[in-house]
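The whole structure should be built from the sequences, with the hints applied where relevant.
Residue numbers (our numbering), protein chains in the order written: chain A, 61 to 736; chain B, 1463 to 1565.
Hints were generated in silico from the structure; no laboratory data involved.
C-beta atoms are modelled at their ideal positions from N, C-alpha and C, and glycine is treated no differently.
Hints may be right or wrong, so weigh each one.
[What the hints assert, rightly or not] For the chain B half of the interface with chain A, some residues (derived, Cβ under 8 angstroms), not all of them: (1) Met1486; (2) Ala1490; (3) Gly1494; (4) Asp1506; (5) Asp1507; (6) Arg1510; (7) Leu1514; (8) Val1536; (9) His1539; (10) Ser1543.
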Amino acid sequence: MSTTLDETELPVLAQGCPTAGESVAAGAVTIALVGNPNAGKTSLFNRLTGLRAKTANFPGTTVEHRRATLRIDGLTATLVDLPGLYSLEATTADEQIAADALMGKLPGMPAADVILQVVDATNLERNLFLTSQVLELKRPMVAALNLSDAAERQGLKFDLAELRQRLGCPVVPVSARTGQGIDELVHEVTLAARHQPAPEIHADLAACGSCRGCRYSARYDWAESVRTVSMQGDPVRHGRISEAIDRVLTHRVAGLLAFAAVMALTFLVIFWAAKFPMNLIDGLFGLAGKTVGRWIPEGDLNSLVTDGIIGGVGGMLVFLPQICLLFFVLALLEDSGYMARAAFVMDRLMHKVGLPGKAFVPLLSAHACAIPAIMSTRVIEDRRDRLATILVLPLMTCSARIPVYAMVTALLFPHAAVKAAGLFTAAYALGIIAALAMAWIFKHTLLKGPIRPLVIELPNYRLPSLRNALLLTYDRAMAFITTAGTTILVISLVLWALATYPKTAVEEMPAAVQAQLAELTAAGDEEAAEALVEQQELEHSFAGRIGQSIEPVFAPLGFDWKMSVGVLSSFAAREAIVSTLAVLYGLGADGAEEGVDAILGAMQTAKHPGGGLVFTTATCLSLLVFYVLAMQCLPTQVVARRETGSWKWPLLQLGYMTLLAYSAAALTYQVASRLS
Amino acid sequence: MSAATLSPQAPLGPDTARPAVESMSLAALRSGEARVVRVDAEADDAARLMALGVCVGRRIEVVRAGDPMIVRVVAAHVGLSARLAVGVFVAAADQAASETTAA
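Dropping the structure here:
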């Protein structure tokens, strides 16, 4: 028999726990997938559901799970992939939610009609611990003995009849990787769904369940006894290969070096490989803008569509290649088992700032973009640790800051490549140091709590699944586009409006400007004339006026009003300051792309009305420091709100980072201007 | 089964009625196999350790000593802080085995 995967609407969640008879009659059956992390649960889920799966939150929580609705053999079934669990006795809030969802204690979530436990055949004894707990829930259950292909390679043999008897429920050997056994598994699951048989609890299991002593010990004794009778072979054999690799990868020094190398390679790959699709997207949207621009008559609508909408959407989508590549590579590393080693070697270092070893990967990912990094903090178990990590992530230099760094270093060191590189590195270092310092502060004040000691499983290394990685990447990309994307679009439109209105007719411009315009048009220099008009229009628009009025606020930092407008425009995207300054210095929006040298030339010679260079060393340094530390990314805040479940945290982020950026930049300016 | 030897009222902690077993903390065990006889840790940490197999009666072996350390237990590798290892008490495998058969 085969599974026909039809796209159907998700069944409406029942108000309470449906009785077995009800749900089968209504045709909607809930099948919960449960199992240890690393047991291949996700692989099995993906094999059964593929692209049909959607990510959703448990009702009223920020804990995610994947779910999909299928039609199997005439039944409509909702498959729910619960987070990996070692035990139904939870030690973190997230684990508690997953356990509650399984047991039907979560309001808004129906109890599972069938529990499908994914058991790792290469790790039978440990997996059986969870089995003993799940069996006691007395719900219809099917055990999938996953990774049976790997088990076979290790020389492990299973007595399935014995296993079935000991567990009291169907046991099906499968391999999510090769697809072997899947049909039989689906058959058993549908049987369980239709007939709702409770598992036949074996005498041994019943005995240990009622034991008031060390519950864990009793269960493990049971697991050991089952393993001894039903499995032949030495499960430790494969572990020895992983052990050999680990001799290097978990070594205190070599392990750290290896980790640094892996991360460096990851980022190199991401930045290099992302260039091609990024240029493609840039080119495509540029083309779209020009083409659409020709269809719509000149005027506001034209500008709105080409600059506002197409420009805004393009500016957001251009980050997608980096984000997708980042998630893809991280998913592969996680699936291979390496990430556990990374958390292991980084644990001691991270402890010094009060964060767990697992926090290092999001902190590193933030160097590409803070948004996926915030999403990946989910792996951090402790809520306080996760919050502290989310709060400091945006301090890491993301790709959007790079054009600004490039501009400032070119202004300061146009011909000294080594110094420029040094300044670049210093900027990155400032971000990292600030993040670690703030993490330490938060963990010792606001988010004070005991630093949880490390307890982590180091699974055997295995070849990562491309399919899992691709599905995860697709899922995350969609999440990025919907949350961040809409925000960026809205802000782009708002800023477009602020920069366009009110309009300034040529007649309203100062006499000197009008004269200059006439000169340029007479000389046939249309480009320069256009640029001049753009500059004037921006100056007199809302954005320009706001910039001029907030100039006193930024005066201690050494910014003039044009830079203030630039900082304002950075609310849509950090790198927007470059094009904004290009327009304000009379080079037109296109001028920023064509020749950085041209805009640099204009900026280097720019003078204050009262004389004196605008872009002094002190001002440049202060601008750099400001951009390193400031929170200028509303999409990041939106995602932070989604992950933390409240606006309190993103607002705190905005508050402390603005304060930090302002004071650090002011300090830099005051000190630098006195020194030079 | 070792479960039978544990006092019902005190799931964790030393059972002084038993003959003294020479035990040492996991942190001190450099190599060789041993059996876990006691786990002293905060509730949550203990639960995590025990769920992964570091609980009374299980065979345990140190794969890599240090902080954090790696142990092999129920045929899987587990990394844990030395801080936690200090509270895990083990006895040489044969000693613990003879103690349980005597019960």
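Evaluated hints:
The restraint placing B/Met1486 at the interface with chain A is violated, with a minimum CB-CB distance near 19 angstroms, outside the 8 angstroms limit. For B/Ala1490, the suggested interface contact is broken, since its CB lies about 17 angstroms from the closest CB of chain A, more than 8 angstroms. For B/Gly1494, the shortest C-beta to C-beta distance to chain A is roughly 15 angstroms, which exceeds 8 angstroms, and the interface hint is violated. Taking 8 angstroms as the C-beta contact cut-off toward chain A, the hint placing B/Asp1506 at the interface holds, the least distance being around 4 angstroms.
Among the interface hints, the one on B/Asp1507 holds; its C-beta lies about 6 angstroms from the nearest C-beta in chain A, closer than the 8 angstroms criterion. Because the smallest distance between the Cβ of B/Arg1510 and any Cβ of chain A comes to about 5 angstroms, under 8 angstroms, the interface hint for this residue holds. The interface hint given for B/Leu1514 is met, as the beta carbon of that residue sits about 6 angstroms from the closest beta carbon of chain A, less than 8 angstroms. Annotation: B/Val1536 was flagged as interfacial toward chain A, and the flag holds, the nearest CB pair being 4 angstroms apart, inside 8 angstroms.
Nearest Cβ of chain A to the Cβ of B/His1539: about 4 angstroms, under the 8 angstroms cut. The hint holds. Taken as an interface hint, B/Ser1543 checks out: its beta carbon lies about 4 angstroms from the nearest beta carbon of chain A, inside 8 angstroms.
The structure fails to meet hints 1, 2 and 3 from the earlier list, while all remaining hints are met.
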